[in-house]
Structures are given as structure tokens and as C-alpha cells.
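Generate coordinates for the entire structure from the input sequences, incorporating the hints supplied.
Reminder that position 73 of the sequence shown reads as 73 in the working numbering, one-by-one numbering, no gaps.
In case anyone wonders, no lab produced these hints; they're calculated from the structure. Source: prediction; values computed, not measured. There could be a bad hint or two in this list.
[As the list claims (entries may be wrong)] Here are the simulated distance ranges between beta carbons:
hint, residue 1, residue 2, range
1, 101, 57, 20 to 26 Å
2, 10, 62, 16 to 22 Å
3, 11, 66, 14 to 20 Å
4, 2, 86, 31 to 37 Å
[Claimed, not checked] The list that follows gives simulated cross-link-like pairs (lysine to aspartate or glutamate, EDC-like), each with its CA atoms no further than 16 Å apart:
hint, residue 1, residue 2
5, 64, 88
6, 64, 47
7, 43, 88
8, 64, 76
Ideal placement from N, C-alpha and C gives every residue a C-beta, glycine not left out.
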Amino acid sequence: QVQLVESGGGLVQAGGSLRLSCVASRMIFGINVMGWYRQAPGKQREEVASIRRDGTLNYADSVKGRFTISRENVKDTVYLQMNSLNREDTAVYYCNVQTFGNSYWGQGTQVTVSS
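This is the structure we're talking about:
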């Protein structure tokens, strides 16, 4: 069973930065998309950023220009660099990896932005 482990969350002041990491417990074959989602209290989970097999990037409008997603294929690791954080970015951030037959989720890491 594949496990995804996120790290890098925490408490940061508005305007600050954090870098999230997501590492797979073992090699995942046939990765199609790697991405980050977030869920704020009382809101639905939303996609923040994703990177497809062919390198295509996708960002939510609310994070464009501030967040950058990247990956290390050899390690099946995906990162999310978050800059210029604001209070609206406060949420639990989840890593997601999709293959052609499965979708894997991490347990989530809390990001809290204080004013």
C-alpha cells in the first residue's frame, strides 16, 4: 500500500513563505498527475496546483504567481513552494497522486497564516 507523507506545514505570518513536501513510501508506477489540494474550515476541498505526466502545470487562480509546484520523478516527490501567504491560504493541505487506476492521498499538513 502506498503512503504519501506531507511535511513543511506550520504557522507563518502573512507575507511569509512555506515549502511543502510530499514523499511516497515506495515507487509509484504510472503516475499521471501529482498535485496539492487544500481544505479550509467549513469549505470544500479544492485543487491548489497540479503537475501532469507531460509537465503541464495548473494553478488555482487564487495562488497564481505566488505558489510553485515541482516534482522529483526519481523520488516520487512533489513540492509546493508558497510565497506571499495570506490568511485565506490557511487550510489543511493534502498531497494527491493519480495513476491510471488509483488515486492516493496524504494525511494532510496544516498551514496557518496569521495577520
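Verification of the hints:
1. 101 - 57: 20 to 26 Å: Taking Cβ atoms as reference, residue 101 and residue 57 lie about 24 Å apart, which means the hint holds.
2. 10 - 62: 16 to 22 Å: Holds - the Cβ-Cβ distance for residue 10 and residue 62, about 20 Å, lies within 16 to 22 Å.
3. 11 - 66: 14 to 20 Å: Given about 18 Å between the Cβ atoms, the range holds.
4. 2 - 86: 31 to 37 Å: 33 Å Cβ-Cβ, so the 31 to 37 Å window holds.
5. 64 - 88: Holds, at about 14 Å.
6. 64 - 47: It holds: about 12 Å lies between the C-alpha atoms, which stays within 16 Å.
7. 43 - 88: holds, 12 Å
8. 64 - 76: Distance of about 24 Å is beyond 16 Å: violated.
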